[in-house]
Amino acid sequence: MKKNIFRIVLLSGTLISMFFVPWILVKAWIMPLPNTVQEQVDDAIGYGFDGMIVYVDEADKLPAFYGGGWKDRKNKIPADPKSLFKIASISKLYTAVALTKLAKEKRLSLDERLADYFPELEGRIENAKEITLKMMVQHRSGIPNFTDNPAYWENELENSKDALDFALDLPASFKPNNGYEYSNTNYLLLRRIMDDVLGYNHNEYIEEKILIPLNLKNTFFSITEVDLDDVMSGYYVGHEEDFKANDYGMLATAEDVGIFLRALNDGSVFDEGEQEIYPYEYNHGGLVVGYQSLAEYHKDIDAVVVQFINTTDFNGYEWNLSEIFINRIVKIIKRKK
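Quick note on my numbering: the sequence shown kicks off at 88 and runs consecutively.
Derived from the structure by calculation, the hints contain no laboratory data.
Check each hint, because a few of them may be wrong.
Stated by the list, open to error - The calculated lysine-lysine pairs, modelled on DSS-like cross-linking and capped at a C-alpha distance of 27 Å, are:
1. K296 <-> K191
2. K296 <-> K221
3. K421 <-> K296
4. K423 <-> K169
5. K161 <-> K191
6. K148 <-> K216
7. K114 <-> K304
8. K331 <-> K169
9. K331 <-> K304
10. K386 <-> K163
11. K148 <-> K304
12. K421 <-> K169
13. K148 <-> K331
14. K193 <-> K221
15. K331 <-> K193
16. K114 <-> K424
17. K423 <-> K148
18. K331 <-> K248
19. K169 <-> K148
20. K421 <-> K148
21. K418 <-> K114
22. K114 <-> K191
23. K221 <-> K169
24. K148 <-> K386
25. K331 <-> K161
As the list claims (entries may be wrong) - Quick list of simulated restraints, FRET-style, between CB atoms:
26. E192 <-> N162: 29 to 35 Å
27. D147 <-> F261: 29 to 35 Å
28. R211 <-> G133: 35 to 41 Å
29. I388 <-> K262: 37 to 43 Å
30. L244 <-> R279: 17 to 23 Å
31. G133 <-> D198: 47 to 53 Å
32. D314 <-> Y269: 31 to 37 Å
33. D314 <-> P258: 40 to 46 Å
34. D130 <-> E368: 45 to 51 Å
35. D256 <-> R279: 14 to 20 Å
36. P258 <-> G133: 40 to 46 Å
37. A250 <-> P119: 31 to 37 Å
All values derive from a computational prediction rather than experimental measurement.
Even for Gly, the Cβ is constructed at its ideal location relative to N, Cα and C.
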């Protein structure tokens, strides 16, 4: 009797959960898997994405490039797999590698405290004397995320110039190293620390230590460094505006991101003794208005998959769909093996 009641409760909970899950996500998840990656990209466009790029690097094979939909919706320019794309938080991987190199060079220590570099933040960022650089890299600092402050979005482009102000004087999310919360404030501060340590812009260090050794000639730090015609347009559901011209940080081709990600995962981006102290992740995603990206390495098939989609929305359905589709793409690759 108790087992039957449990089954009824479980079934009811499942049905309620399914009722509140958008059916477009359920459909994308349960549809039969197509035979090729290109077919999956083409199918994905039918779920409301304006354009999509996929790069696949399997060991002992030439890299494969796939595209679907529009690079530029207004001018009807098809998606180009070699287009530049705003990679947003994927850039945190480059920052983490650069910090690792600086730590190995003993120009900083990951065990140093935030207040060691910014004593003026004591009392404005809670626990500044206890928060280490390593905790910040790993999002275990408890420092509030400035992009979670609604006031920041009232004028995002203008407020980004003083983004730290939107995280100051707020209570910590948790005590240092006693929780996890993704916070862009961590990396804003880490990049400022690198600038102070180096005495020049940290982007130059990343270029010298990462981009040049890996021959990444299609990775840039700002929209001001590139020809806009080379950049994939970015769209927000319900708006006609193209967000391509907005400066949201790093841009790269899917191929450049893929090369970097393989070097990160196989260790070739590191010099001797660096990988052992590397404190962060080996895969990452990125999301800004008009642009969402996922970069993954799958050890079991020794494959890198990079997925760029130039459509975002308010409710997060587009992000959920992007995760479903990259998982399906990986399944197609595994099935072929």
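Results for each hint:
no.: 1; hint: K296 <-> K191; result: 13 Å, holds
no.: 2; hint: K296 <-> K221; result: 20 Å, holds
no.: 3; hint: K421 <-> K296; result: 34 Å, violated
no.: 4; hint: K423 <-> K169; result: 25 Å, holds
no.: 5; hint: K161 <-> K191; result: 48 Å, violated
no.: 6; hint: K148 <-> K216; result: 50 Å, violated
no.: 7; hint: K114 <-> K304; result: 39 Å, violated
no.: 8; hint: K331 <-> K169; result: 16 Å, holds
no.: 9; hint: K331 <-> K304; result: 20 Å, holds
no.: 10; hint: K386 <-> K163; result: 38 Å, violated
no.: 11; hint: K148 <-> K304; result: 22 Å, holds
no.: 12; hint: K421 <-> K169; result: 25 Å, holds
no.: 13; hint: K148 <-> K331; result: 33 Å, violated
no.: 14; hint: K193 <-> K221; result: 14 Å, holds
no.: 15; hint: K331 <-> K193; result: 39 Å, violated
no.: 16; hint: K114 <-> K424; result: 26 Å, holds
no.: 17; hint: K423 <-> K148; result: 13 Å, holds
no.: 18; hint: K331 <-> K248; result: 19 Å, holds
no.: 19; hint: K169 <-> K148; result: 18 Å, holds
no.: 20; hint: K421 <-> K148; result: 14 Å, holds
no.: 21; hint: K418 <-> K114; result: 17 Å, holds
no.: 22; hint: K114 <-> K191; result: 48 Å, violated
no.: 23; hint: K221 <-> K169; result: 35 Å, violated
no.: 24; hint: K148 <-> K386; result: 15 Å, holds
no.: 25; hint: K331 <-> K161; result: 12 Å, holds
no.: 26; hint: E192 <-> N162: 29 to 35 Å; result: 47 Å, violated
no.: 27; hint: D147 <-> F261: 29 to 35 Å; result: 45 Å, violated
no.: 28; hint: R211 <-> G133: 35 to 41 Å; result: 49 Å, violated
no.: 29; hint: I388 <-> K262: 37 to 43 Å; result: 40 Å, holds
no.: 30; hint: L244 <-> R279: 17 to 23 Å; result: 20 Å, holds
no.: 31; hint: G133 <-> D198: 47 to 53 Å; result: 50 Å, holds
no.: 32; hint: D314 <-> Y269: 31 to 37 Å; result: 33 Å, holds
no.: 33; hint: D314 <-> P258: 40 to 46 Å; result: 45 Å, holds
no.: 34; hint: D130 <-> E368: 45 to 51 Å; result: 29 Å, violated
no.: 35; hint: D256 <-> R279: 14 to 20 Å; result: 18 Å, holds
no.: 36; hint: P258 <-> G133: 40 to 46 Å; result: 45 Å, holds
no.: 37; hint: A250 <-> P119: 31 to 37 Å; result: 45 Å, violated
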